[in-house]
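Asks: Sequence:
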Amino acid sequence: MKTIPGFLILPAAIFSLVILLNSCVYSQANDGVPGAQLLTDENKKKIETVIDKYVDEVKTPAALVGIYTPGGEQVILRGKSDVKTGTAAMATDRFRIASLTKTFTATLLLKLVEDKKIGLEDKLGKFYPNVKNADKITIRQLINHTSGIYSYTGIKEFHDLAITDPLKKWTYNDLLALVADHEPYCEPGQGFNYSNTNYMIMGMLIEKLSGKKYDEFLQEKICAPLGMISTYYATTPEISGNFYHGYHDSVDVSLLDPSGPNAAGAIISTLQDLKKWNEALAEGKLLSKNMQEERLKFVVKEKSPAAGYGLGIIAKGSFLGHTGGISGYNLDMFYHPGTKTSIIIMFTLDPENAKSAPDRALADIAEILLPGEINSPVAASQTIK
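Residues 0 to 384, numbered by numbering that gives the first Met the number 0, are exactly what the sequence shown covers, in order.
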């Protein structure tokens, strides 16, 4: 049986993304509210057809989709949350959100920047001098994946153990030791390389500078203010409460030790909580105006002008959010600020089996609701060859 490490997101997938910072505002509603009439009965039927197409194509055990506009919402449920017991999928059940965790981790670190505990242009060497190139890597480069630091999820030893021993407990030192044996992808600031090590180190910084455990700081700074009562940072392999089981090749792979994905991918949440977070993230509700402007400075590859990555946020056209893939789960979470439209898609398959189905479904749904918006060019803050 082939399988993959639980939280590896392929870098190539990241730069299939696009952004237009100055998006058009759609005023389709008679009352002047942008986006109020996007979810017509006809569009709802088209969206269901899209989801059914991808569910049938990749044979996902379950799919959960939420679309929210000022004029209404559409929640689509397909399949079973637990194939073995035959339990029907429920909109309120929890699931692993994989690299959507990065949006939380970046926000927590940016809160510490606002509190002047750390600066975006501070060098990593001030805190962790033993990391290769730490004296040249800035905190900004850590967050936007231009640090060049090698991703531990791309290392064979980690990959193999993630398959054979998913309950193995990892320490930060374990993972840093793996990375220490590998040369950086590039000099800091000279390339974009999606690296889970960046966000693991950010998790270390959050605990170091806040003096609190990650989950405590998460609850205090994000979950409590937004009323996200079902979201938490996992510290044990189990998922608490009712949850979606995740699968690879029809095998239940829901249980894994969260010390592996850590601050790069260990958060667990629900559809309703992600609806709240999607809007707060894209609108900058928990950050100052200036800090949100920093977040939305996007790195673009010269050969991929229709793609961008900011400070813990991805853009697809004029949609802002993030993607995620972990053992048994594949997700997209994006928000269109101009129309206040939120789209969240979760399949209970790992990325290898899901074959980018949530990404493709998102693109199709966005084209139904807001033609052309997801394929707009990127306004780049930094262009990299």
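Hints listed in this document are in silico derivations from the structure and should not be mistaken for laboratory results. Note that the coordinates shown come from a computational prediction; the quantities given were computed from them, not determined experimentally. Beta carbons: idealized from backbone N, C-alpha and C, even for Gly. Treat each hint with caution, since some may be false.
Said to hold, decoys possible - Below are the DSS-like pairs computed for lysine-lysine, each with C-alpha atoms no more than 27 Å apart in a straight line: (1) Lys384 - Lys296; (2) Lys339 - Lys274; (3) Lys339 - Lys45; (4) Lys58 - Lys43.
Unchecked claim - Label-pair restraints from in silico Cβ distances: (5) Lys83 - Thr382: 29 to 37 Å; (6) Asp40 - Glu186: 34 to 42 Å; (7) Lys384 - Gly226: 29 to 37 Å; (8) Thr39 - Thr234: 53 to 61 Å; (9) Glu41 - Ala176: 52 to 60 Å; (10) Glu206 - Ser239: 19 to 27 Å; (11) Glu41 - Gly124: 19 to 27 Å; (12) Lys212 - Glu156: 36 to 44 Å; (13) Asp40 - Glu366: 17 to 25 Å; (14) Glu186 - Lys212: 19 to 27 Å.
Asks: Note whether the CB distance of aspartate 40 and glutamate 366 lies within 17 to 25 Å or breaks it.
Replies: Because 18 Å falls inside the window, the suggested range holds.
Asks: Starting from the range 19 to 27 Å, see whether the pair glutamate 206 and serine 239 falls in it by beta-carbon distance.
Replies: holds (22 Å)
Asks: Under the criterion that the straight-line Cα-Cα distance not exceed 27 Å, is the pair lysine 339, lysine 274 satisfied?
Replies: OK: lysine 339 and lysine 274 at ~11 Å, within 27 Å.
Asks: State, for the Cβ atoms of threonine 39 and threonine 234, whether the hinted interval 53 to 61 Å holds or is violated.
Replies: violated (44 Å)
Asks: Confirm or reject the claim that lysine 384 and glycine 226 have a C-beta distance inside 29 to 37 Å.
Replies: Given about 44 Å between the Cβ atoms, the range is violated.
Asks: Assuming the hint says 36 to 44 Å, is it satisfied by the Cβ distance from lysine 212 to glutamate 156 or not?
Replies: violated (27 Å)
Asks: Could you see if the CB distance from glutamate 186 to lysine 212 stays within 19 to 27 Å?
Replies: 34 Å Cβ-Cβ, so the 19 to 27 Å window is violated.
Asks: Return holds or violated for the Cβ distance of aspartate 40 and glutamate 186 against the range 34 to 42 Å.
Replies: violated (54 Å)
Asks: Just to be careful, I want the Cα atoms of lysine 384 and lysine 296 compared with a cutoff of 27 Å; is the pair within it?
Replies: Within the cut-off at roughly 17 Å; holds.
Asks: Taken at face value, is the distance from the CA of lysine 45 to the CA of lysine 339 at most 27 Å?
Replies: At roughly 20 Å apart (the allowed maximum being 27 Å), lysine 45 and lysine 339 satisfy the hint.
Asks: Keeping to a limit of 27 Å between CA atoms, is the pair of lysine 58 and lysine 43 held or broken?
Replies: holds (22 Å)
Asks: The hint says 29 to 37 Å between lysine 83 and threonine 382; measuring C-beta to C-beta, is that right?
Replies: violated (50 Å)
Of the numbered hints listed earlier, those contradicted by the structure are 5, 6, 7, 8, 11, 12 and 14.
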